[in-house]
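Peer 1: Working from the sequences, and respecting the hints, build out all of it.
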Amino acid sequence: MFRLRNLALLTAPVGIALVAWSCERQPNAVAPSIGTPLAHFFQFECTPFKITGGGRIDYPPGTADKNPPSTHIYETFGAHVIASGQVGDNGQCLADKGSLEWVDHRPDFRINGRPLNLHSIEITFAERATDTDCSDGAGHWGGTLEVKNTGETADFEVFDCDNGEPGVGHDGFGIRAFPVNGQLYEVLCPDESLPPAEPSCTLTGGNRQFHPTH
Amino acid sequence: MKIDRVRRAIGLMGLVLPMSLAPASVAGQMRIAATAQAYGVSVSTPTANQTSPYAVLPTGGAMATDQGQSIDVAGLVTAQDAFAIVSGDADPEYGSSAVSSATLGAVSLLNGLISTDGVVAVASSSRDATGASSDAEGSTLSNLVVNGAEVADPAPNTRLDLPGVGYVILNEQSRTGDGWSSSGITVNMIHVVLQQPIVGLLGQVLGYRTVGNIIVGSATSSAN
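So the protein lines, in turn, are chains G and C. For the first sequence, our numbering gives the first residue as 1, with consecutive numbering after it. For the second sequence, our numbering gives the first residue as 1, with consecutive numbering after it.
Derived from the structure by calculation, the hints contain no laboratory data. Beta carbons: idealized from backbone N, C-alpha and C, even for Gly. Keep in mind that a hint or two might mislead.
To be verified - Stretches of chain G that chain C covers, calculated by requiring three or more beta carbons in the stretch to come under 8 Å of a beta carbon on chain C:
hint	region
1	37-46
2	86-94
3	98-112
4	115-129
5	182-188
Claimed, not checked - FRET-style restraints, in silico, Cβ to Cβ:
hint	chain 1	residue 1	chain 2	residue 2	range
6	G	Thr130	C	Ala74	46 to 56 Å
7	C	Asn49	G	Ile121	46 to 56 Å
8	C	Glu93	G	Val87	17 to 27 Å
9	C	Asn49	G	Glu146	29 to 39 Å
10	G	Asn112	C	Thr130	44 to 54 Å
11	G	Pro60	C	Asn213	31 to 41 Å
12	C	Ser181	G	Thr130	29 to 39 Å
Peer 2: This is how it looks when you write it as structure tokens:
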């Protein structure tokens, strides 16, 4: 009995310290992986198309409602891609060209004193998603980017949705990149109840415009 | 005689009708365009003239970006973490779309007379077969203080006087286009108009004249 009490007295501070350490904020941490698409963006076809536009997402939670401005919990971006409709040697649908600029304004995502800033180097693939609820069209595309804060080169993919006009409250966008500051970075909303097509998050500003090309 | 007249009339219609229809459709296609520009800070005074960072949509569409980590214009404005992003495209068949955004972190104007720790300006325009529209959704100011008073979520075109300086327009929005074949919008989140009094011979103030402009967080888009 005495031994058990001693053991408890010894282990309790260690346990408290471990819990406190685990709760400590990691200043340069990136978003934890929150999952993959649940119901959409599984079926694709190689057809020529174009998606352009940009805007704002308030993630988390990634709904159509803006977070209070003083929280600085929002992301802004511009993204443009042209899919060739051709299939490459590796079976991927090839992109003609494109570009991505992404800024994460969340205070916890500042790296080296600046907001997290991702800038595309090359767009290597672009495929049309055929299993979404995006009324005007959806695309899955990506390639490589530079993490401007660190100089890292990362692979990335985006889930891009045009669900009519206006873009706010209708269109969606989500991104996954690795490595960003050595970790997986995701702004994805894998919630089937969120319009229009998970895992893209709903725009709180801006617009995405999809159209086929010939 | 009458038959000749009818023949001539039909001939004339045959010439004129195609001419009157064809240019209209060609002209309609020619007018398709998307434009966008964004900038973080613009100062225009007799002693300083600077815009930074600045991005403008290239002809033919796609995307353009610019950024500045730390901006200081002639002691009038300091700003951190400024980004300007524009993107868009115009297609004769599917219509045109343009989006621009300007974002900044901490901003101080006129030695702290106006300050904010977050500016987002977003302008979006689109045109398709159903019409044209623009909005500034997503534009916000965070922890804005003007002349010592907090200003939360200012409505579009909120004007506040700045004694001895001029006035400021917050969330300034101006629109262009007819809403059917074209639409455009400019949003300036902070627009300071610098003024000086016009003094009469007897020392009385006759009015004010504008001597400069400072704009922070500007986004413009249009589609037609």
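Peer 1: Indicate, hint by hint, whether the structure satisfies it.
Peer 2: The hints, checked one at a time:
1. 37-46: violated (count 0)
2. 86-94: This one is violated; 0 residues, fewer than the three required, reach chain C with a Cβ under 8 Å.
3. 98-112: holds (count 4)
4. 115-129: holds (count 3)
5. 182-188: Since 0 is below three, the answer is violated.
6. G:Thr130 x C:Ala74: 46 to 56 Å: Once the Cβ atoms are compared, 55 Å apart, the range 46 to 56 Å for C:Ala74 and G:Thr130 holds.
7. C:Asn49 x G:Ile121: 46 to 56 Å: violated (35 Å)
8. C:Glu93 x G:Val87: 17 to 27 Å: Holds: the Cβ-Cβ distance is about 25 Å, inside 17 to 27 Å.
9. C:Asn49 x G:Glu146: 29 to 39 Å: 32 Å Cβ-Cβ, so the 29 to 39 Å window holds.
10. G:Asn112 x C:Thr130: 44 to 54 Å: About 46 Å separates the Cβ atoms of G:Asn112 and C:Thr130, which means 44 to 54 Å holds.
11. G:Pro60 x C:Asn213: 31 to 41 Å: holds (38 Å)
12. C:Ser181 x G:Thr130: 29 to 39 Å: Since the Cβ atoms of C:Ser181 and G:Thr130 sit about 33 Å apart, the hinted range of 29 to 39 Å holds.
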